[in-house]
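So the protein sequences, as listed, match chains Y and X. Residues in the first sequence are numbered from -14 upward in steps of one, following the numbering used here. Residues in the second sequence are numbered from -14 upward in steps of one, following the numbering used here.
Careful, some of the hints might be misleading.
For chains that are exact copies, the list does not tell them apart, and a pair is met inside one copy or across any two.
As the list claims (entries may be wrong) - In silico DMTMM-like links for lysine to aspartate or glutamate, alpha-carbon gap of 25 Å or less:
1. Lys289 / Glu185
2. Lys214 / Glu79
3. Lys26 / Glu69
4. Lys201 / Glu100
5. Lys134 / Glu79
6. Lys40 / Asp140
Keep in mind the hints are simulated off the structure, nothing from the lab.
Protein chains: 2
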Amino acid sequence: MFTQQLASFKGDQSCIRVVGHRGARGIMPENTLLGFEWTMKMGVSALEFDVMITKDHVPVIVHNHHLNGAITRTAEGQWLNTPEPRISELTYDELAQYDVGGLNVFTEYGQRFPEQIFMHRQQVPKLADLLALAMQPDFAHVGLMLEIKSDPKVDNFQMHREETVAAVADVVRQAAMTSRTILHSFDWELLHLCQQAAPEMPTSFLSQLPAHDDDKGEDSSLVFSQNLKQLPSIPKAIAEAGGYIWAPHFKDVTLADVQEARNLGLLVAPWTVNDPKDMGQMIQLGVDAIVTDYPARLQRELIKNELRWQRQDDISNATLTSA
Amino acid sequence: MFTQQLASFKGDQSCIRVVGHRGARGIMPENTLLGFEWTMKMGVSALEFDVMITKDHVPVIVHNHHLNGAITRTAEGQWLNTPEPRISELTYDELAQYDVGGLNVFTEYGQRFPEQIFMHRQQVPKLADLLALAMQPDFAHVGLMLEIKSDPKVDNFQMHREETVAAVADVVRQAAMTSRTILHSFDWELLHLCQQAAPEMPTSFLSQLPAHDDDKGEDSSLVFSQNLKQLPSIPKAIAEAGGYIWAPHFKDVTLADVQEARNLGLLVAPWTVNDPKDMGQMIQLGVDAIVTDYPARLQRELIKNELRWQRQDDISNATLTSA
């Protein structure tokens, strides 16, 4: 099942996949079309990105439920003041006025990515815009790890979940990209909805144990992970829930976990691994794919370990032959 | 004189220009079309790059006089063995067989740029290819700092210099890009030839005092700088030689030097400044432009100092309005 969608995330003895986090947040403005384009051109195996819907139900690519003041300017070029508008309360046309092309270097979040280029006039993209870009023949090898964000603070949470899943499935189908898309979430109940509403796409289950703090300046995902530590086995719970990928916080995963997941037929794709030392550790565990803000650093660690990010059997264009 | 060519290199009280070194060597493979394209898209003010001629007199963009084994693979994907072929002994078609898209991470040179992406099938570009790319309307703001490399080891050195200057001037004229190009060299005698053979382009004088070692894995430029320390004033010598830009090694320049150069009507563009602390020091000196492998780092230091890389009076497209 789902051979085609999973191919970009599946490693083997000589290959670990590189998944660009929000494009390549370490280098390019996160979740922007220019960032995605660059990351795909660089030959990465897959993109990870965050999707939610606007007030008028347009699926858009943005991480936090409110616009993040550390990366958002008004049309007049001013950094956003608090209270930051919520995505679910803006129409797409209103949202498209904002510029998310640069980091405010005076914020804590802005200081986390000292190599990120500063751009102007980059809009929050529609999901449909990224799909159109990824459809280009040069990018046919790139898998799409589409994270659906769930917002428990929204009115009619359950209805909003259903509407979100329906809107996302609709856009991916219209683009004829279901064969390249994985539906990915911290919200396991939402993934159950995905399996029902869009059974032609595999699901990927995110997990984060409470011991590991959230990153600065981000919406927390822990609200969806509260009960995970009570599970006897996270991989087993995912397999039972019909998942195909386990995407754990990289500090939560051991060699025994990877082996258990593999025995259950799951792929393992830890996130977000930015330090070369941590990358080395994930490589030693033999995971399938590594989600990172810094694809070049991961390429380098793979080369040092005599590994590649493309498989021998990949049907790939000229720029993508193995290292 | 030369207002148009110099505009991209001229700072003012609120602006210091960002010059991408060999494209943006810290992030992208050096002196490649993909690297240049990315750097221009990022909104940098100017590109610096290295030009010499092949055996069949085609101006090409490459730094060392021999192919650098740390960045060069054969068509079969093998790292180049010594002795590395000399550019002047290869035809363009022979040169175009090599792949310069990635660093060999096991070499000293390869270890200097841990953030550089690893690409496949990137050829040494012709100068004409870069000019065609830079001609696109989106990149109309980008100045070209065209460094001509001089090779004292070549047979008939003086004739080879003249042939190089003639071939370069020819290609820039054919592309109608003389109004955006600065001719730049460590070899001041060659710059004199440029002034005679191509008087429609301004010259930029590189300097490096012997106290500062060459970078690892690079051809030395000190051969052309041996007598500099005997000069009473480098800026004065450049002004007398008809130069418009002084491009010193960043460790060689003081506040008094910058003031002297400015009084003489020269622009000051130190190279290659990659550490944010050194960038801060150059910003304090009030130089016009800074040449760097890491444009994003420099943008960040400029923003921290409430400076921009675009001037108020720039006629610029939407992506280039000031920060």
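Hint check:
no. : hint            : result
1   : Lys289 / Glu185 : neither (38 Å within a copy, 49 Å between copies)
2   : Lys214 / Glu79  : neither (40 Å within a copy, 61 Å between copies)
3   : Lys26 / Glu69   : neither (33 Å within a copy, 29 Å between copies)
4   : Lys201 / Glu100 : both (17 Å within a copy, 23 Å between copies)
5   : Lys134 / Glu79  : within (20 Å within a copy, 52 Å between copies)
6   : Lys40 / Asp140  : within (12 Å within a copy, 72 Å between copies)
Violated hints, in rising order: 1, 2 and 3; the structure is consistent with all others.
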